[in-house]
Amino acid sequence: MSGILVIQEERGQGRNRFSYEALAAGRILAGLTGLSMETAVVGDKNTPILAETSGLPPTTAYAVQHPLLKHYTSDGYALAFEQLIRKLHPAFIVFPHSYQSRDYVPRIATRFGQVLISDITGIETGPTFVRQLFQGKMSGSYRHSSDGPCFISVQAGAFPVDSPQAGTTTILPFEPEIASDAIRTHPSEPILGSSQTVDLGSAQRIVSVGRGIKAAENIPIVQDLATALGAEMAASRPICDNGWMPIARQVGSSGQTVSPKLYLAIGISGAIQHLVGMKGSQCIVAINKDADAPIFEVADYGIVGDLLELVPALTEALRAAGH
Amino acid sequence: MIHFLPTLAEPGLLLLSEKVLFAGLAATSGLAFGARFRIVLGNILHSKKDATFRPFPISRRIRDLVWEVLCQAKVIRERPMAGLAHALVFWAFCAFALVTLNHCAQGLGIGFLSPRGQIGRYYFDFAAAFALACVIGIAGLFVRRFVVRPRWLGKKLSWESGFIAVLIFALMTTYLAGFFVTDGGAAARILWWTHTLALLTFLPIIPHTKHLHLLLSPATVFLSRGGFSRIPPLDGDDDFGLISGTDLTQLVSLQSYSCVECGRCTEHCPAANTGKLLNPKEIILGLRGYLNEYGPGAKEPLLGKYNSQQATFQCTTCGACEFQCPAGIEHLPILVGLRRGVVNSGEWEDEYGSKLFLALERGSNAPGLSSAERDKFIEKQALPIFNGTQEYCLWLGCMGGYDPKGREIVVALARVMNYLGVSYGVLRREKCTGDSARRLGNDLLFQQLAKANLATLAQNRVKKMISICPHCVRTIQEDWKDYGTPPEIEHHSEFLARFAERLPQQKTEEKIVFHDPCYLGRYRNVYEEPRAVVALAGDLVEAPRHRERSFCCGAGGGLAFLGEETGERVGQVRAAELAATGAQTIAAACPFCNTMFRDALAATGEGAPQLMDISQLAARGLPKQ
Amino acid sequence: MRIAIAIKQVPERDAQIRIDTTGRWIEVDRIQYALNESDAYALEEALQLKEKYGGEVIVVSAGPERVGVAIREVLAKGADRAIHIICDDIGERDALGVARLLAAAMKPENPDLILTGLQSDDLGSGQTGVIVAELLGLPHASLILQVEKTETGLRVKRELEEGWFQTIELPTPAVLTIQSGGNKLRYATLMGIKRAKTKEVCVLAAAELAVDAAPVVVLEQITLPKKQKSTQILTGTAAEAAAALVKKLKFEVHVL
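Protein chains in written order, with my numbering: chain V, 1 to 323; chain D, 1 to 625; chain C, 1 to 256.
A portion of the hints provided could be inaccurate.
Label pairs and their in silico Cβ distance ranges [unchecked claim]:
{"id": "1", "chain 1": "V", "residue 1": "Asp290", "chain 2": "D", "residue 2": "Thr604", "range": "16 to 24 Å"}
{"id": "2", "chain 1": "C", "residue 1": "Asp88", "chain 2": "D", "residue 2": "Pro57", "range": "52 to 60 Å"}
{"id": "3", "chain 1": "V", "residue 1": "Arg111", "chain 2": "C", "residue 2": "Val201", "range": "28 to 36 Å"}
Note that these hints are calculated values from the structure, not bench results.
Ideal Cβ positions, reconstructed from N, Cα and C, are used throughout, including at glycine.
Turn these sequences into a full structure, and let the hints steer you where they fit.
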């Protein structure tokens with residue numbers, strides 16, 4: 001048993017950063033263990049991700065193909081990769097910690113009597129694997145203590161992507177054996193969450209405006225920012241009370257509770273009734289002219305200044321960066 | 001020409017046929033009365049016994065009976081003109097006791113009081129004076145109800161009340177006319193019979209109408225729970241609140257039959273005044289309707305045909321209703337009881353209510369924030385931690401610990417306490433006092449919070465507490481008693497007033513209007529102390545509705561945590577009233593009032609008065625650090 | 001429908017956690033425990049299915065005696081009966097070890113559906129449900145927000161990344177891991193707690209289940225994370241600050 005197998009996940013042109021991070025983690029592991037690397041992905045030799053793979057190791061890639069793998073199912077992928085692992089006997093198998101991996105990898109691990117060390121943020125000598133506990137309040141170091149293969153999945157954004165280099169990758173086909181009755185779940189096509197009605201609850205990005213906006217005429221400035229960010233608009237209570245934004249967009253204790261990846265609080269002071277509606281946001285950015293505004297205590301990033309200057313500047317900066 | 005005679009004319013000896021007729025009519029009237037009254041009394045007595053009713057201390061009960069019933073104190077004080085008119089009618093009824101008794105005895109030929117007798121000579125004149133007052137009173141009330149038509153008596157004209165008024169008028173005028181006719185003459189006899197008919201018509205009407213209060217409300221006042229908003233503990237394992245008829249206790253049933261439909265409760269209700277469904281009078285009459293239709297011990301839900309769940313959850317528990325009621329009805333335990341019924345059983349499905357309960361179940365505070373936020377605040381402001389050596393434990397509460405404005409109030413108070421050299425400390429961990437859980441009727445949650453907090457306080461050897469929030473003060477001092485012995489606690493206005501002389505006087509011309517918080521004023525009877533603090537800083541002005549009449553800000557009863565209000569916002573109505581006084585500053589003494597007014601004033605825009613807590617007013621004059 | 005739900009009792013989210021003297025776990029003396037958050041959503045889903053389709057809800061949990069409190073809480077909210085696997089060394093077992101206990105206890109019950117929370121608030125491995133499915137040879141779906149019964153089994157709504165969803169049809173018996181937020185949770189009531197007193201709790205010793213306990217993955221040490229959350233204030237002119245923010249959002253937060 002030797003080698004590091006990195007399983008990638010094809011998501012479409014320009015959307016495969018997660019897999020590159022998994023490769024980067026694999027390289028770190030290779031550096032610590034001196035083991036060689038290989039990679040695999042469900043797809044054929046024309047799968048974009050294999051072309052995007054840099055010239056750095058691994059230089060061998062397996063294109064895992066089977067008609068029943070056309071749509072992701074946990075049964076299909078578990079069988080396919082289980083067979084690949086039995087063929088290659090890797091000591092370590094690295095996955096991006098995506099929704100997909102979380103769904104099927106534990107099944108494979110169990111077949112080998114193993115447990116996935118999931119969502120790791122660091123690899124240290126040993127090797128030991130670092131992951132977050134207690135919602136990020138603590139870090140834990142895990143060691144693999146058995147003879148079998150070690151399954152790990154890496155957290156998004158935890159490992160910086162390596163810059164591409166010139167080089168070629170050998171692509172080898174792999175066709176697993178999957179009986180049609182082995183696939184027990186039947187998924188539909190993905191559907192985008194409702195975008196007709198205002199569904200702030202499932203919005204991933206929200207730009208929210210508060211009293212600091214001063215006048216209804218200024219709201220379009222913030223609207224431009226929201227458009228550039230691909231975000232939903234929301235507001236604190238006084239704005240909705242004044243009729244400047246519909247009640248459906250009110251965030252707070254008597255409005256909606258949201259937990260997007262990104263919450264931009266523009267001209268919002270951070271009164272408790274608003275905070276309780278958005279404190280679950282993963283990343284909070286605050287723009288306010290009052291440096292003592294309570295919103296800055298919960299924000300991850302803040303800019304103190306006049307929003308009438310900052311918001312257009314931010315929209316401009318986003319457009320310049322290609323949004 | 002009308003001769004006023006010094007003595008009342010008597011009808012003369014009645015014929016046997018007349019006596020028989022009288023006896024027959026009286027018997028019929030009495031039976032009609034009894035038939036209905038028996039049912040009402042039965043409904044009351046067959047209701048569940050009140051588990052916590054204690055007749056003693058009886059002095060309080062006697063005092064209330066004398067003051068509120070005999071002296072008609074609440075009746076007059078809260079509505080002076082109409083109240084006085086009613087008082088005159090009532091006192092006339094009392095004065096007429098012997099007259100009426102004698103009248104009936106005459107009907108049977110055994111009259112015992114003569115206008116020429118030793119007692120009669122003075123007594124009948126005495127009664128006449130009251131009769132005259134009563135005539136004036138009842139005429140005035142009639143005009144009020146049918147001509148002036150105040151809003152609080154309801155849109156529908158009550159012909160029943162009109163008829164009763166006419167009967168009372170007839171009783172008194174037939175009596176008074178007796179001073180102008182010849183003794184023993186035909187006129188006297190006609191007057192006597194008219195009076196009889198009026199009396200015997202009146203009697204059976206009593207148990208069919210709100211005039212039941214003639215008989216019941218003295219008992220209601222005497223048997224009341226006492227205190228203010230005294231929520232009874234649940235009685236045993238099967239008691240979950242007022243769910244159906246089987247849960248109505250004798251006291252609640254008695255109170256529901258005592259309603260005089262005066263509408264004073266509704267007149268002062270913040271919900272009823274802002275277009276909400278809730279009408280406190282209808283809640284009580286709804287229970288009466290329920291009892292009349294289903295009786296006690298019925299399984300139909302109380303919140304169904306006669307009362308709605310929606311209305312019940314629009315109550316801010318401000319207490320204006322209970323405070324006003326001249327008939328001794330205690331609305332708040334009933335409202336909380338109705339809420340208990342649907343909350344303790346899980347039937348109440350409200351998005352915001354569930355969110356609040358889950359936040360309190362899983363965490364330590366009502367807004368549902370991480371306690372690390374409170375820790376950060378304590379650290380940033382360098383507030384001392386309570387270690388048993390300081391004099392006061394400063395209780396932050398959810399608002400003081402997590403709300404930006406609440407925190408400002410705490411910081412201002414801390415500055416003043418430092419200046420005064422009074423030692424205090426804050427607890428490392430607090431759980432919400434459970435005020436909102438209590439007022440919303442969630443006994444499981446309230447019990448958990450009360451017990452956990454009492455344990456923390458005991459562990460930390462807390463003896464004296466001070467808090468910036470009247471809700472915390474009330475809940476800790478009164479409601480926690482169900483689960484242990486809380487330490488003594490006072491509101492910061494009481495503390496500041498005590499030290500008023502030592503605080504720097506920096507009186508300005510600034511006009512400051514003070515808003516009496518419900519939980520400090522009506523609930524705790526504290527009116528002067530916060531005014532003393534305001535007077536240090538500026539010129540105190542009063543809002544039209546102040547002291548016991550103060551109009552709620554809309555946050556109480558857990559409503560601060562529930563969703564948007566329908567109709568007008570209570571807080572905005574009150575803020576507008578306060579702003580209309582022309583004051584430059586609104587002084588608050590409760591962080592919830594502060595929050596509600598802050599939102600309301602923000603909508604007003606420029607020119608709105610500034611909003612400050614009394615602790616901030618007190619701290620204003622302190623030397624800069 | 002016979003539904004089994006697996007729950008975990010975890011330290012309260014708000015608890016102040018400190019590393020203990022061994023450096024391998026947290027100090028448990030003053031810790032308050034609570035029901036794991038996504039398990040509460042699993043419970044809610046189970047109760048709604050029972051209310052809709054009839055049947056019973058069995059709650060299963062492994063851990064020391066204190067777990068009984070969480071079990072009673074779940075019974076109070078409406079589950080019908082419980083199985084408590086007493087296991088004092090639950091902390092030493094890895095996800096596979098725990099799943100083995102749960103699977104062994106659930107197997108004789110023959111449930112039509114097994115629900116677990118998506119992941120635990122303390123360790124957050126997010127696998128136990130999937131492992132149980134594998135051990136019992138059952139199909140599964142994870143990150144589920146809604147469940148419906150169909151003639152052939154179940155139709156479930158699964159959350160995908162970036163605001164996408166998909167529906168999956170699968171046969172019963174099956175295992176589902178439930179994501180938080182799919183339903184509105186119900187609050188604990190006095191009536192519920194009183195009724196829970198008479199509900200059956202079957203207590204098993206872990207040893208009785210005769211499963212392999214040796215861990216393949218060991219938590220060796222816990223430390224405070226190097227990066228503490230603090231607010232980064234970006235300065236400069238409007239254009240400079242804006243550009244800096246865009247960079248942060250792209251490379252630190254990975255949200256662009």
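Structure-based check of all given hints:
no.	hint	verdict
1	Asp290(V) with Thr604(D): 16 to 24 Å	holds (20 Å)
2	Asp88(C) with Pro57(D): 52 to 60 Å	holds (55 Å)
3	Arg111(V) with Val201(C): 28 to 36 Å	holds (34 Å)
In summary, the structure agrees with every hint in the numbered list given earlier.
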